[in-house]
Amino acid sequence: MTTAPAKAGWRFRQPSVIPGFGLTLGFSLAYLTLIILIPLSGLIWRSAALGWTDFWAIATDRRTINALEISFGTAFIAASVNVVFGTIVAWVLVRYNFPGRRIVDAMVDLPFALPTAVAGIALTTLYAPNGWLGSLLAPLGIKVAYTPLGIVIALIFIGLPFVVRTVQPIMEEIDKEVEEVAATLGANRFQTIARVLLPGLAPAIVTGFALAFARGVGEYGSVIFIAGNLPYKSEIAPLLIVIRLEEYNYAAATAIAAIMLALSFVMLLVINLVQTWSRKRYG
Amino acid sequence: MEVRVANVRKEFERFPALHDVSLDIKSGELIALLGPSGSGKTTLLRLIAGLERPTKGKIFFGEEDASQKSIQERNVGFVFQHYALFRHMTVADNIGFGLKVRHGPSRPSAQEIRRRASELLDLVQLSGLEKRYPAQLSGGQRQRVALARAMAIEPAVLLLDEPFGALDAQVRRELRRWLRDIHDATGHTTVFVTHDQEEALELADRVVVMSQGSIEQVGTADEIYDTPNSPFVYGFIGESSALPVKVEDGQVWIADRPIGLSAPHAPQGEATLFFRPHDVDLVDECNGCIAGTVAASRRVAGTRRVELEIGGERQRVEIELPVDHPAAQKSRVAFRPRRWKLFPAP
Chain X
1 MTTAPAKAGW RFRQPSVIPG FGLTLGFSLA YLTLIILIPL SGLIWRSAAL
51 GWTDFWAIAT DRRTINALEI SFGTAFIAAS VNVVFGTIVA WVLVRYNFPG
101 RRIVDAMVDL PFALPTAVAG IALTTLYAPN GWLGSLLAPL GIKVAYTPLG
151 IVIALIFIGL PFVVRTVQPI MEEIDKEVEE VAATLGANRF QTIARVLLPG
201 LAPAIVTGFA LAFARGVGEY GSVIFIAGNL PYKSEIAPLL IVIRLEEYNY
251 AAATAIAAIM LALSFVMLLV INLVQTWSRK RYG
Chain P
1 MEVRVANVRK EFERFPALHD VSLDIKSGEL IALLGPSGSG KTTLLRLIAG
51 LERPTKGKIF FGEEDASQKS IQERNVGFVF QHYALFRHMT VADNIGFGLK
101 VRHGPSRPSA QEIRRRASEL LDLVQLSGLE KRYPAQLSGG QRQRVALARA
151 MAIEPAVLLL DEPFGALDAQ VRRELRRWLR DIHDATGHTT VFVTHDQEEA
201 LELADRVVVM SQGSIEQVGT ADEIYDTPNS PFVYGFIGES SALPVKVEDG
251 QVWIADRPIG LSAPHAPQGE ATLFFRPHDV DLVDECNGCI AGTVAASRRV
301 AGTRRVELEI GGERQRVEIE LPVDHPAAQK SRVAFRPRRW KLFPAP
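Sequence order for the protein chains is X and P. Under the UniProt record's numbering, the first residue of the first sequence carries the number 1, and numbering increases by one thereafter. Under the UniProt record's numbering, the first residue of the second sequence carries the number 1, and numbering increases by one thereafter.
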């Protein structure tokens, strides 16, 4: 082999002849440091001031664990629901032309634009035991507002556009011929969707899931109105952080934040690796 | 399997793409649908596949009326110009797809499907690439995989839509010969669409020439080239020159001079004379010939192509001369077509 000597363990990918590599890399690093890295390391720094025993005590506190479970659990359920229905919404928007399609398309973005507190209040009014939907569900024994179910609904509302907007462009690129060829080979509609179309969309769906999930974990505004915020039952981790802050217990607040940060980072990293793997395979 | 297209008409939103087309395809035949863009050749192919439904008329596979069947039931192998491979599947999975989606007893075992896939890969000369993904193959290789995938279901008829259109010239020539070999080996009834006449004439048992939604002529390469039955076919297939002429008293006239061609059966009146540029005799003295002033002369590969201006109307025609022929130096050339055909003026 006549490849370059493998002296360095790794190296930069050879930059192209188009100039600006050094400048843009420098700018990106400086920007990321300023906007993301410095605040986050400040967070870690503050929580490190606690000392290991105190940190561990806070991390293993029942209330903290419950809050984290609720935050990550509801975000996971909401993102999963959004993956299914978001993909269907995207499908309808891409595949069918119907009167009002543009309006529906624009409506998908509303959760992006709406102040989250407004969404929270609206949902609470709707799902409260005396609200429109809540009063219909109450006789069935289903309580939405002031329970984790309410949190899930708020997070579904918040997360939907993330899935739709990541899946939609990829769906638009699907070649009609691929579906036609599957049909000539004898695949029925269901088989075509399950074996041909969805696997092609998988990377986009995973991205949409990751975004909706990450957003759900961090969501505060819309959730606190509908959640009821009962400690151990429907108290989310961001709220617990705010509560600790209001108690001037900055160390505990940053400790919980650091745990959330670590968990989110690991999950997003895993999702990213899955994507890189699938992209390498399918090009 | 025999395929019969019977009086098929197809409209897209009131716009007719095919007018009353009928065509018989024999079992085991290799047929080319040839025509310019918009001639309806791809529409006809898609109708046979069931990817479109005819507005009127029927399509028979053998004795069965296939127009009533869904695409899935027709059992056709379709190959697209841009391959349409499943990106997320390996080559072997692509080829085995048609067998895997079958239900019940007609579905072979996983092992059998794998065996079949590698057998087909051998046939298309891509042995050993089972585990590759389409993104890792060249264009020519992808098209071979697409063909193997279509053949895996033992199709009643194999339909290819501009199969070599996206490939470069050399790969194209190579695949053309290779497709002929595969056809001879497997004997699938095959219909392919092309706008490349060389491809159609070289490859097909019979060529269907189409124009503006109708079939102009069906025949072997020899028939199409030697006895074109319409001005369109004469102009579309191969090189041709055309001159406006007049038929009177069984003679062909240009302006007020007979050109030495007798046409006893042609109808009197205005007509168009067609001939091949290379199919002419040069004459020295002109008593009954076509004579013209040399307007341009170009060297094309092994011959010289001379453009002549004929008569007062200065109609331009092309003839072909041997490279070293002295006539190319002259300012005036006289010739008589060796083989020619008259079509009444439109």
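Careful: at least some of the hints might be erroneous.
[Stated by the list, open to error] Straight-line Cα separation of at most 20 Å, DMTMM-like style, residue types lysine to aspartate or glutamate; simulated pairs:
| id | chain 1 | residue 1 | chain 2 | residue 2 |
| --- | --- | --- | --- | --- |
| 1 | P | 26 | P | 11 |
| 2 | P | 100 | P | 64 |
| 3 | P | 26 | P | 13 |
| 4 | P | 56 | P | 13 |
| 5 | P | 100 | X | 179 |
| 6 | P | 58 | P | 11 |
| 7 | P | 131 | P | 181 |
| 8 | P | 26 | P | 130 |
| 9 | X | 280 | P | 130 |
| 10 | X | 176 | P | 162 |
| 11 | X | 176 | P | 52 |
| 12 | P | 56 | P | 93 |
| 13 | P | 330 | P | 256 |
| 14 | P | 100 | X | 180 |
| 15 | P | 69 | P | 2 |
| 16 | P | 56 | P | 119 |
| 17 | P | 69 | X | 179 |
| 18 | X | 280 | P | 93 |
| 19 | P | 69 | X | 180 |
[As the list claims (entries may be wrong)] Partial selection, computed: residues in chain X whose CB lies under 8 Å from chain P:
| id | residue |
| --- | --- |
| 20 | 49 |
| 21 | 53 |
| 22 | 54 |
| 23 | 57 |
| 24 | 116 |
| 25 | 172 |
| 26 | 173 |
| 27 | 174 |
| 28 | 178 |
| 29 | 187 |
| 30 | 193 |
The set of hints was computed from the structure by calculation and includes no laboratory data. Every residue, glycine too, gets a C-beta built ideally from N, C-alpha and C.
To see whether the hints hold, each was checked on the structure:
| no. | hint | result |
| --- | --- | --- |
| 1 | 26(P) x 11(P) | violated (27 Å) |
| 2 | 100(P) x 64(P) | violated (26 Å) |
| 3 | 26(P) x 13(P) | violated (32 Å) |
| 4 | 56(P) x 13(P) | holds (14 Å) |
| 5 | 100(P) x 179(X) | holds (16 Å) |
| 6 | 58(P) x 11(P) | holds (14 Å) |
| 7 | 131(P) x 181(P) | violated (26 Å) |
| 8 | 26(P) x 130(P) | violated (34 Å) |
| 9 | 280(X) x 130(P) | holds (17 Å) |
| 10 | 176(X) x 162(P) | holds (17 Å) |
| 11 | 176(X) x 52(P) | holds (13 Å) |
| 12 | 56(P) x 93(P) | violated (38 Å) |
| 13 | 330(P) x 256(P) | violated (24 Å) |
| 14 | 100(P) x 180(X) | holds (17 Å) |
| 15 | 69(P) x 2(P) | holds (16 Å) |
| 16 | 56(P) x 119(P) | violated (41 Å) |
| 17 | 69(P) x 179(X) | holds (18 Å) |
| 18 | 280(X) x 93(P) | holds (18 Å) |
| 19 | 69(P) x 180(X) | holds (15 Å) |
| 20 | 49 | violated (49 Å) |
| 21 | 53 | violated (50 Å) |
| 22 | 54 | violated (50 Å) |
| 23 | 57 | violated (48 Å) |
| 24 | 116 | violated (37 Å) |
| 25 | 172 | violated (16 Å) |
| 26 | 173 | violated (11 Å) |
| 27 | 174 | violated (10 Å) |
| 28 | 178 | holds (5 Å) |
| 29 | 187 | holds (4 Å) |
| 30 | 193 | violated (12 Å) |
The structure does not agree with the numbered hints 1, 2, 3, 7, 8, 12, 13, 16, 20, 21, 22, 23, 24, 25, 26, 27 and 30 stated previously, though it agrees with the rest.
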